[in-house]
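Protein chains in written order, with the numbering used here: chain D, 2 to 493; chain S, 2 to 493.
What the hints contain is simulated information worked out from the structure, not anything from laboratory work. Be careful, since some hints might not be right.
All copies of an identical chain are treated as equivalent in the list; a pair is satisfied when it fits inside any one copy or across any two copies.
[Unchecked claim] Below, simulated DSS-like cross-link-like pairs (lysine-lysine); rule was C-alpha separation at most 30 Å, straight line:
{"id": "1", "residue 1": "Lys51", "residue 2": "Lys332"}
{"id": "2", "residue 1": "Lys254", "residue 2": "Lys26"}
{"id": "3", "residue 1": "Lys346", "residue 2": "Lys61"}
{"id": "4", "residue 1": "Lys61", "residue 2": "Lys26"}
{"id": "5", "residue 1": "Lys266", "residue 2": "Lys412"}
{"id": "6", "residue 1": "Lys351", "residue 2": "Lys266"}
{"id": "7", "residue 1": "Lys399", "residue 2": "Lys61"}
{"id": "8", "residue 1": "Lys102", "residue 2": "Lys414"}
{"id": "9", "residue 1": "Lys455", "residue 2": "Lys192"}
{"id": "10", "residue 1": "Lys11", "residue 2": "Lys238"}
{"id": "11", "residue 1": "Lys91", "residue 2": "Lys192"}
{"id": "12", "residue 1": "Lys102", "residue 2": "Lys386"}
{"id": "13", "residue 1": "Lys412", "residue 2": "Lys263"}
{"id": "14", "residue 1": "Lys412", "residue 2": "Lys11"}
{"id": "15", "residue 1": "Lys11", "residue 2": "Lys102"}
{"id": "16", "residue 1": "Lys102", "residue 2": "Lys263"}
{"id": "17", "residue 1": "Lys481", "residue 2": "Lys196"}
{"id": "18", "residue 1": "Lys431", "residue 2": "Lys238"}
{"id": "19", "residue 1": "Lys323", "residue 2": "Lys61"}
{"id": "20", "residue 1": "Lys18", "residue 2": "Lys51"}
{"id": "21", "residue 1": "Lys435", "residue 2": "Lys18"}
{"id": "22", "residue 1": "Lys61", "residue 2": "Lys332"}
{"id": "23", "residue 1": "Lys351", "residue 2": "Lys435"}
{"id": "24", "residue 1": "Lys196", "residue 2": "Lys51"}
{"id": "25", "residue 1": "Lys266", "residue 2": "Lys18"}
{"id": "26", "residue 1": "Lys254", "residue 2": "Lys238"}
{"id": "27", "residue 1": "Lys412", "residue 2": "Lys91"}
{"id": "28", "residue 1": "Lys414", "residue 2": "Lys91"}
Read off the chains here:
2 protein chains.
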Amino acid sequence: MAKELEFLTKRSEDYSKWYNELVVKADLAEQSDVRGCMVIKPYGYAIWEKMQRTLDDMFKETGVQNAYFPLLIPKSFLSREAEHVEGFAKECAVVTHYRLKTNETHDGVVVDPEARLEEELIIRPTSETIIWNTLRNWIHSYRDLPLLVNQWCNVMRWEMRTRLFLRTSEFLWQEGHTAHATREEAEERAKMMLKIYADFAEGCMAMPVVQGVKSETERFAGALDTYTIEAMMQDGKALQSGTSHFLGQNFGKAFDVQFLNKENKPDFAWATSWGVSTRLMGALVMSHSDDNGLVLPPALAPLQVVIIPVGKPANMPVLNEKAEAVVASLKALGISVRYDNAENKRAGFKFADYELRGVPVRLVLGMRDLEQGLVEVMRRDTLEKMSVSLEGIETYVKDLLADMQKNIFTKAKAHLDAHVYECDNYEEFKQRVKDGGFFLCHWDGTRETEARIKEETQATIRCVPFGVEQTPGTDMVSGKPATCRVLVARSY
Amino acid sequence: MAKELEFLTKRSEDYSKWYNELVVKADLAEQSDVRGCMVIKPYGYAIWEKMQRTLDDMFKETGVQNAYFPLLIPKSFLSREAEHVEGFAKECAVVTHYRLKTNETHDGVVVDPEARLEEELIIRPTSETIIWNTLRNWIHSYRDLPLLVNQWCNVMRWEMRTRLFLRTSEFLWQEGHTAHATREEAEERAKMMLKIYADFAEGCMAMPVVQGVKSETERFAGALDTYTIEAMMQDGKALQSGTSHFLGQNFGKAFDVQFLNKENKPDFAWATSWGVSTRLMGALVMSHSDDNGLVLPPALAPLQVVIIPVGKPANMPVLNEKAEAVVASLKALGISVRYDNAENKRAGFKFADYELRGVPVRLVLGMRDLEQGLVEVMRRDTLEKMSVSLEGIETYVKDLLADMQKNIFTKAKAHLDAHVYECDNYEEFKQRVKDGGFFLCHWDGTRETEARIKEETQATIRCVPFGVEQTPGTDMVSGKPATCRVLVARSY
């Protein structure tokens, strides 16, 4: 088996290269011929669809409804919210014309100069502006609130250096936007959505996260508070995996979304927005996978079980018959399963290929085992092989999948916990941060200190973490008093 | 009740105005401030989601997998397939720059002239070019075929005159793209997908369609054959509701997608593409709805049953208790239901509002009925009211919903059948076509005749219909011999 796998770089050799190779070789995604834009391949998309379905159900349970707003945003909308334009308007795709025409030599097309737009349109980098411009007509009274909408769509932020899933010019995401009658309700919603993201990450993706609030510098452009979930990759770097923003009345005021409150007085609506993207695919890969390929939590695996026969051609009818019975019993329990008896590939190649793709459970059916009523079971997370009775195999597999979902989380949680350090000495920090890990450090709260850490160590303040007992102390960089510890790490 | 509904124009007065008003007033969609782009509101989007889910399951049952390809297409790709560029490249949104910058007066943003793209990018009007450019790397051997992918996405075709759902610059759709080793298999797939569209339209949307093949003039740009489903709106006009294209080897050759066939010889892959869009939302509205508002087939209704109490405040506790029991019994059968006991709206207003939104079944709970163990049931398709026993009401409603799904189809089918005419006289045709209807006319097969009909009557050849016994005859326009009858109609 080792032979087929040699082509994948080992994590210990070059973690970054391992990731890039794995995403392509496991058929998750590839670069397109359009600069910075990826193609999400069917196997990768099937994982994303499972993420979507789970999140969508979680959103809807809290009363959120899906809708769809235009892809293109008038340039002038971006300038309405002052901070927002600073953060977003710069690197984006600009539509200036609406027609092409055949060129003079009749062998191609050129932009028709007569079809210039009066006002340029921007491909949405995020949709606060166009959505709040629309909400002005939807919200008149407190009875129209809260208004809870979400859209699944593509967005575009021009990137010069891209990596599949982690940083692409076009990516897929969901963006939720809510409007509320009171500050308290909006803040509560922003926190509620962060909790949903954390529950999803830990439950469905088996990926432990640290929840917290961003520093002012790292806030979403236009937000009063940005809440975040930060996951730790196997190299100890942080990956921001979802954010939820409390936007105050900034967009309500910028787009004049006023309503009559219960006291019949006009007020501006309070806002939140929150999103996760195909970046989660990158986080998933980097959290769990190994040198043999993908390791997928069963909840997200497009194919949960593969059955492979091993035997002489003469024995195939017996193996096929038994396999079909096992397939039926697994399907009856809602488990996705494929029986792969293709003759044009050797069993060893199949083993390696399904390991590469992270299929959680492999059953190998052979005559000798079969005669004893046994089947070989391999679990992808630990690569352990077990000899298991065919009688009741469906229940065994069901329990095994549940156990794997837990085990993958437990392993990642142990890795995270083992790499969170309190640190009070800047020199020590500078040395240790190179090897990754999350550092809990006292911070004086100034932009200057934050900027200095970033410049000198490439690490950033990821968040002020929730659930950490905070004691005052001394900033390790400036020596000034600090009220709390923040999470500092290098990040993707 | 009549009072609340006066605001909706009657179909008989102005069918077009009725449609425009209904789409907005039933909260399906509205124009955005971006020319030609619509906002799909939560209620409309919920219907679209049900369509998506049903179609997606149907596609997947035939082996199709979802994927995602870039939004932006290099301008030069469009020129590769000669006919394709003629049909599509002209009216599209062109991205020329990738950055904005703050203007000189620091109160807005302008396009940064230094961030001009070397090659302009087009927002996809359809994705054959970018997908076939990608497939070149996915297909090497006949073993890689068939390759069956689909994407749910947004597309853009610049339109000067737009109507919600029917014709918008940006719309949502699915586009399926398949590659095959043989001509026969590709043709079969194109026909298979047409059948799926027809089954979906008739089964799920309760909308009867005529299946057929397009004339050369009306073919998709780059196709050898375009299959279509044509539905008849209540005004007798045709609405093309889905198309499936047999593309031959045109894109295989244009993008050099070669594979080794079973005889180990290189050949170009054979292609199909097929799509339906949010245009189906317009078709749905115009097929079934009436002067009171939407009529939705139960299979697509976001809310299938509404329960409204009518009574004095003192009786509300009793009504609430009974309603909750009915809600629970309906939910147990998988029926979506809402109990609306909001006190700030009169019952009459609620009745009109749910009729406008096309909720299929309304239950009115009143004390007098309740004392006799009865409830008033109103079915939206016929507006009939019935007094029904509360005992077993859930089964009654379940059967009623099934009956309504059939009845809505039957009614639309009767309308279609009553407005399909054989016609052999051009003068008669010219008169009658103004009132709508599908005309089966002999056609000599020439572009000249087709163009003349279009110019003189605004009617077009919708398709050569399948399932019609074809006999040779004489073209009603040119008097030349004709081998078959084609379907001619005015259309949306």
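(message) Could you work out which of the previously given hints the structure breaks and list their numbers from low to high?
(response) 5, 8, 12, 13, 15, 16, 17, 23, 25, 26, 27, 28
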